[in-house]
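Asks: If you're matching them up, the sequences are chains A and B in order.
The first sequence begins at 1 in the working numbering and counts up by one.
The second sequence begins at 206 in the working numbering and counts up by one.
One or more of the hints may lead you astray.
Okay, derived cross-link-like pairs now, DSSO-like style, lysine-lysine, Cα gap no bigger than 30 Å in a straight line [stated by the list, open to error]:
1. A/Lys166 / A/Lys109
2. A/Lys166 / A/Lys85
3. B/Lys439 / A/Lys116
4. B/Lys315 / A/Lys175
Chain A side only, calculated, beta carbon under 7 Å to chain B, not exhaustive [what the hints assert, rightly or not]:
5. Leu19
6. Gly20
7. Thr27
8. Leu30
9. Leu31
10. Gly34
11. Leu35
12. Leu111
13. Glu112
14. Ser140
Please keep in mind that the hints were generated in silico from the structure rather than gathered at the bench.
Backbone N, C-alpha and C define an ideal beta-carbon position, used for all residues, glycine too.
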Amino acid sequence: MVEHTAHIEEHRDDEASKLGMWLFIFTELLLFGGLFLVYSVFRMQYPVSFHESSLELSVAIGAINTVILLVSSMTVAMALTAIQKNNTKHALIFIGITLFCAAVFLFNKYLEWGAKFHHGLYPGSELMQLLDRGHHLYFSLYFFMTGLHALHIVIGMTLLFVCYFKVKNKSINNKDYVLLENGALYWHLVDLIWIFVFPLLYLIS
Amino acid sequence: MSNGTQKNEYVSYLDYQGKYKGIMSWIMATDHKRICLLYMYTIMSFFFIGVLLGIMMKLEMITPGKTIMNAKMYNSVFTLHGILMIFMVVIPGLSAVFGNFFLPIHIGAKDVAFPKLNRFSWWIFVVGSIMAILSQVLKDGPPDTGWTFYAPYSTSTSSNVVMATAAAFVLGFSSILTGLNFIVTIHQMRAPGMKFFNMPLFPWSLYATAWIQLLATPVIGITLLMLIAERAFKIGFFDPALGGDPLLFQHLFWIYSHPAVYVMMLPAMGVITEIIPTFCQRQIYGYKAIAISSLAIAGVGFLVWGHHMYTSGMSDTARWFFSLLTFIVAVPSAIKVFNWITTMYKGSIDVKPPFLYALVYIFLFIIGGTTGLLLGSVATDVQVHDTAFVVAHFHYIIFGGMGFAFFAAIHYWLPKMYGRMYNFKIANIALVINFIGFNMLYFPQFIIGVQGMPRRYFDYPAQFQPAQITSSIGGFILLAGLILMITNLVKGARSGAPAPANPWNGSTLEWQIPSPPSLENFDEEPVIKSNPYDYK
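Kindly generate the complete structure, drawing on both the sequences and the hints.
Replies: Set out below in structure tokens:
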């Protein structure tokens with residue numbers, strides 16, 4: 001009986017794991033895709049308001065965040081290469097840098113949102129209600145899109161934290177690294193989503 | 206120690222003792238067969254609550270005006286009826302129940318690709334269901350928007366819309382993860398020698414279904430999130446009073462909800478495609494056509510959503526485009542019907558309950574499908590949109606179609622799942638009662654719908670009363686038939702005569718293993734035939 005249970009749980013199929021993560025990524029693309037669709041509908045309706053509102057965002061911080069995420073995608077890929085070469089030390093360092101980049105991204109987001117909140121601009125605020133349609137929609141979409149994206153940053157960080165500890169205790173190693181591969185893949189997705197969000201919100205001036 | 210060729214001692218999956226004992230061995234089960242039963246018991250419970258809500262509506266409709274409830278309560282009753290039946294019964298329905306049990310067996314596998322994810326899917330299903338129940342009892346009162354949650358009523362009504370939509374969001378995850386699991390299972394875990402075109406047609410239908418679950422459900426996910434955000438922050442995505450677009454909600458909603466009906470229907474067609482060859486002892490006619498038509502239905506099904514919106518104010522161009530595609534999507538379904546009937550030609554027919562249910566399915570599906578064409582054509586739809594005609598159409602398709610396919614599946618596979626047989630005579634009597642009750646309940650709705658009876662109305666002009674009374678009586682007859690059917694099945698599962706491995710002389714892999722199967726399904730390597738329906 002014990003052999004039975006062990007036999008089922010030992011079943012390991014890396015290709016299946018990777019396929020599973022790719023399929024999950026497709027669902028995320030459709031989730032954000034729906035949101036981008038709504039954004040485009042309203043931007044087509046209120047092009048001037050959207051342009052004006054986007055001037056309220058700091059392109060500089062947005063661009064810095066973009067670079068941070070791109071670097072973090074690079075470091076997580078380097079972590080994967082490191083573990084494939086059995087270099088646990090470097091793998092941990094690179095995952096650590098990735099997580100650090102993610103934290104900085106979130107900190108910048110906190111600064112940006114904080115600035116808006118300070119001016120009374122947040123979902124449901126009195127000021128929001130006073131804005132005209134186009135501006136109201138733009139800022140609602142701003143908070144919705146960046147908020148949903150930030151949630152996915154947190155999910156990605158959680159996955160990478162798990163990977164960090166599994167690299168540390170050697171359950172991710174140069175013979176079995178599909179979990180890190182999948183975590184890195186998810187991280188690339190989170191980066192990719194930002195690559196779309198950034199120009200849509202920040203660069204339409 | 207145990208290698209592939211060693212024969213292990215047979216223990217039924219129902220008796221297997223693993224790491225957990227008692228109720229925990231069920232709640233923590235990762236065995237796809239146990240997860241099937243968990244889904245089946247939860248889904249059947251929700252089905253019966255939904256039936257009772259339907260009966261309440263039928264009681265209300267016996268007389269014009271208030272009979273047993275006022276208008277607001279009626280709105281809440283049909284809303285819950287829809288939410289339960291759609292999100293908690295027919296969407297998970299066949300995939301999560303029979304898909305879970307038989308997909309791995311049909312492809313010669315021990316389990317699905319991700320058994321723990323499978324268990325997690327069921328847990329999420331339970332959480333979402335609890336949230337749906339909570340939406341009924343929390344202080345703002347049950348939602349009264351209809352299961353379609355159209356804006357702007359859904360953005361402004363004071364009822365528990367947020368909890369209900371959050372429940373649907375959570376249930377959506379269960380659907381997505383099941384779809385993901387099945388796609389990977391079919392790609393990665395077919396036994397050696399079983400290529401895609403050697404699979405039986407039930408896995409093919411589950412494959413097409415899984416892609417829809419995976420790709421369409423996220424769209425309703427984001428739509429419901431936006432609805433919640435709109436209510437919480439008064440944003441104005443959908444509410445015209447805030448500058449929003451109610452049609453945007455309808456488009457987003459139906460971009461998921463139309464493909465969702467194929468999630469309901471494709472596995473049902475897969476079941477029928479399994480039953481007919483077995484009871485005709487004949488090769489299925491047009492295997493490749495049926496396999497490809499499943500994919501075609503899934504694909505084209507993503508392009509027809511606007512046929513729910515012909516009277517909403519869409520442009521004429523949009524209307525004719527959606528109408529054209531709706532007619533096109535009917536073609537692969539018709540192909541299946543022709544192939545089923547052709548399979549019977551020169552077959553050696555064994556008139557057992559599963560086959561009778563399959564025949565009834567075909568009859569009811571044809572009625573549902575052809576009335577769908579009437580709805581798909583813009584000119585005629587304008588007359589019957591939002592009338593009882595639509596209600597009759599979708600009940601013929603979902604209940605008469607998928608529901609009766611579900612009953613067919615239980616009658617077909619119960620002996621395999623429980624190792625016991627039920628009483629055929631009572632099963633057949635219940636079927637006849639169900640058939641009579643079902644048609645009496647829904648056919649009059651076609652007639653009064655064309656005559657102008659609106660849907661979701663609890664009041665009506667006196668001229669519709671005879672049809673309403675007939676319909677309500679039909680409802681009671683159907684209820685009696687359902688109770689008889691279930692009682693017979695439960696009795697059979699618990700204490701029926703022991704069933705052999707292959708009571709129907711079927712040719713697919715589940716009939717080559719004991720009834721009930723052992724934990725890992727195949728104690729010996731299965732023999733994979735290149736033609737899964739080889740009857741000679």
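Asks: Next, verify each hint and record whether it holds.
Replies: Outcome of the hint check:
{"no.": "1", "hint": "A/Lys166 / A/Lys109", "result": "holds (29 Å)"}
{"no.": "2", "hint": "A/Lys166 / A/Lys85", "result": "holds (16 Å)"}
{"no.": "3", "hint": "B/Lys439 / A/Lys116", "result": "holds (18 Å)"}
{"no.": "4", "hint": "B/Lys315 / A/Lys175", "result": "holds (25 Å)"}
{"no.": "5", "hint": "Leu19", "result": "holds (5 Å)"}
{"no.": "6", "hint": "Gly20", "result": "holds (5 Å)"}
{"no.": "7", "hint": "Thr27", "result": "holds (5 Å)"}
{"no.": "8", "hint": "Leu30", "result": "holds (4 Å)"}
{"no.": "9", "hint": "Leu31", "result": "holds (4 Å)"}
{"no.": "10", "hint": "Gly34", "result": "holds (4 Å)"}
{"no.": "11", "hint": "Leu35", "result": "holds (5 Å)"}
{"no.": "12", "hint": "Leu111", "result": "violated (22 Å)"}
{"no.": "13", "hint": "Glu112", "result": "violated (18 Å)"}
{"no.": "14", "hint": "Ser140", "result": "holds (4 Å)"}
Of the numbered hints stated above, those contradicted by the structure are hints 12, 13, listed in ascending order.
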